[in-house]
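Colleague: Here the structure of chain C is known, so what remains is to put chain S in place on it, guided by the hints.
Number of protein chains: 2
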Amino acid sequence: MENSLHKYLQFIEVSVKEIAFPTKPVSLYQPMTYILDLGGKRVRPILTLIACEVFGTEFQRAKNASLAIELFHNFSLIHDDIMDNAPLRRGKPTVHQKWNQNIAILSGDGMLIEAYKLLHNYSPEISHSLAAVFNKTASEVCEGQQLDMDFETLNQVFITDYLEMIRLKTAVLLGCSLQMGAIVGGASKENQDDVYAFGMNLGIAFQLQDDILDLYADQAKFGKQVGGDILSNKKTYLLLKAFEDANSDQKEMLSQMISEKNPDQKIKLAKTIFAELNIREKAESKMNEYYELALKNLAHLKVDSSHKKPLQDLAEFLMSRQN
Amino acid sequence: MENSLHKYLQFIEVSVKEIAFPTKPVSLYQPMTYILDLGGKRVRPILTLIACEVFGTEFQRAKNASLAIELFHNFSLIHDDIMDNAPLRRGKPTVHQKWNQNIAILSGDGMLIEAYKLLHNYSPEISHSLAAVFNKTASEVCEGQQLDMDFETLNQVFITDYLEMIRLKTAVLLGCSLQMGAIVGGASKENQDDVYAFGMNLGIAFQLQDDILDLYADQAKFGKQVGGDILSNKKTYLLLKAFEDANSDQKEMLSQMISEKNPDQKIKLAKTIFAELNIREKAESKMNEYYELALKNLAHLKVDSSHKKPLQDLAEFLMSRQN
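Chains as they are written, first to last, in the numbering used here: chain C, 1 to 323; chain S, 324 to 646.
Next up, chain C with everything else stripped away, as it sits in the complex (with noise of 0.2 Å):
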């Protein structure tokens, strides 16, 4: 992470391990805290802090609001990594693996309250302000998990509602962090739309980067298998775009890989009707559609330039990433 991103980052750090959750019922709140421990990028909180000091605000001023997002954020990983059965999670066990789904459910639930709480400690006209954007987004977060997994077994998925999957599933909450950065910063309406809709469109870039990367980073490089996707038949926006411009031969290639089982060859396969199809170069098209969308919006947010910076940091650090 950049260096003028470090402050943010630590302080993030250090408000985590501050919490208190209570201590009994231990099952339902040592996963919470186990969960949080596991780290990440912590990307979303540390967009709610820059957003706040982009308003001329001290950024610890937004601790309970970027720890609510925070929280939130892991409350939908616990549950998504029940839906998807996923028995790892940053390298470690999934709560529902470590202990068992019911906690893994109920400790869940726990921290989605526990995140609102967070949101509680401020005065009631900015608690107010906040709860809109974060009901609005959590509600949002929701649905794309739903369309996510409607996705799973339909049999032709366009690429719109792909769009409007990721954009529910990932995109708003990155909008949502720093809305609600901007909201304890004390900025105009005008300026909230802006930093949320640069949120917004950053957090597709990522997302459909999340797909490229999936299939072409390096392997020595990459925290999980290369072409991970891939082999779980994920429809992803380069599969998906894919399906869309191939003719009836290569339609039928499609379909060959899709019931390929052997790994390497199902990659390979993947790989060279992709080329043909120029699926890659398509992809990094469209990301840098949504990544130009965001600087424009950032662009056309009413601060002075200087104060931009770390927000231009952020954005660049996010796009650069090789895992």
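Mixed in with the good hints, there may be bad ones.
[Claimed, not checked] One side of the interface only, derived from the structure: several residues of chain S facing chain C at Cβ under 10 Å:
id	residue
1	Pro345
2	Lys347
3	Pro348
4	Phe378
5	Gln424
6	Asn425
7	Ser430
8	Leu435
9	Tyr439
10	Leu442
11	Tyr445
12	Ser446
13	Ser452
14	Phe457
15	Asn458
[Stated by the list, open to error] Residues from chain S that face chain C, not an exhaustive set, calculated with beta carbons under 7 Å:
id	residue
16	Ser350
17	Leu351
18	Asn408
19	Ala409
20	Asn423
21	Ile428
22	Asp432
23	Gly433
24	His443
25	Glu448
26	Ser450
27	His451
28	Val456
29	Ala461
30	Glu466
31	Leu470
These aren't lab readings, by the way, just hints derived from the structure by calculation.
Think of the CB as a built atom: it goes at the ideal place given N, C-alpha and C, for glycine as much as any other residue.
Modeller: This is chain S only, laid out in the frame that chain C set:
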């Protein structure tokens, strides 16, 4: 239900029908409408409406607060039914049974968020006050559910721990329902505390009555199988009290009863030992103790006694039920 309470019930039924969840994704929102349509006594939202009116404010003002409580209650039912592996709720398939477990997890999450949205429909000050008691109670309900699950695998559960569990799992939500109505109604802090305590003590009495009815209800009037708790070896007040008061011979009989597989034999055995130990009378005495406490809280409430009538009616209605 008493005639005097009918107007509240009718208002809740109409209000529940009027809730307009988004229509998509269908599998996220349809289960919410489904479980709300299963009905129930609507005790909690009625408490909210009454508490508002007690303080001289028209009960319709408490609509959103009462619906938030009803949604929260139904969210907890959806998730509890997964954890308890329950196939039926009010004689109909549970959400995880009718759809699937993932949909039940996610639509439960979404329903909790919808509850928070309803709380947002008040002024910042009122919302902030409502959120304080709602957040605290929501955490406590999760803690109660966790304790209930923990108890299943414990060899010994003390009566005091059991009472604390039912206080958290069931009773505090009745207190919260009343306090939220009182907040909307403009009650003083002292009056808020009194209605809260009234609801909480009534809730404990209500749950103890549940334990008693499970074994001693008239099967013709009882909605479920009489003796269900005995058949599943559930650690209710009756069973825990029996273990506490039993001499070594009686403890031996209780252990035999626990291992007994024949349903009729098992229930007969439980009734015999419980009769020897006067368990029913002891449970009723404990229940009345909490009911008396609730009535004291009501007497202490500083409003014109004529205004207390609906609360008295509801308390009597709850304690006179036979199912």
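Colleague: Could you check if lysine 347 of chain S really has its C-beta closer than 10 Å to a C-beta on chain C?
Modeller: holds, 8 Å
Colleague: At a threshold of 7 Å, is the proposed contact between asparagine 423 of chain S and chain C supported by beta-carbon distances?
Modeller: violated, 10 Å
Colleague: Is the interface hint for tyrosine 439 of chain S satisfied, with its Cβ closer than 10 Å to some Cβ of chain C?
Modeller: holds, 5 Å
Colleague: Taking the least C-beta to C-beta distance, is alanine 461 of chain S closer than 7 Å to chain C?
Modeller: holds, 5 Å
Colleague: Hint proline 348 of chain S vs chain C: min CB-CB distance below 10 Å?
Modeller: The hint holds - proline 348 of chain S has a Cβ within 10 Å of chain C, the shortest such distance being about 4 Å.
Colleague: Holds or violated: is there a CB of chain C closer than 7 Å to the CB of alanine 409 of chain S?
Modeller: violated, 12 Å
Colleague: For the hint on leucine 435 of chain S, just tell me whether its beta-carbon gets within less than 10 Å of chain C.
Modeller: holds, 6 Å
Colleague: Hey, does the serine 450 of chain S contact hint survive, CB to chain C under 7 Å?
Modeller: Holds. Min distance 6 Å.
Colleague: Checking hints one by one. Is aspartate 432 of chain S an interface residue toward chain C, by the C-beta closer than 7 Å rule?
Modeller: This interface hint holds because 6 Å falls under the 7 Å limit.
Colleague: Answer holds if the nearest beta-carbon of chain C is closer than 7 Å to that of glutamate 466 of chain S; otherwise answer violated.
Modeller: holds, 6 Å
Colleague: Given asparagine 458 of chain S was flagged as interface, is its beta-carbon under 10 Å from a beta-carbon of chain C?
Modeller: At 5 Å from the nearest chain C Cβ, asparagine 458 of chain S passes the 10 Å test, so the hint holds.
Colleague: Hint validation: isoleucine 428 of chain S versus chain C, beta carbon distance must be below 7 Å. Holds or violated?
Modeller: holds, 6 Å
Checked against the numbered hints given earlier, this structure breaks hints 4, 18, 19, 20, 28; the rest are met.
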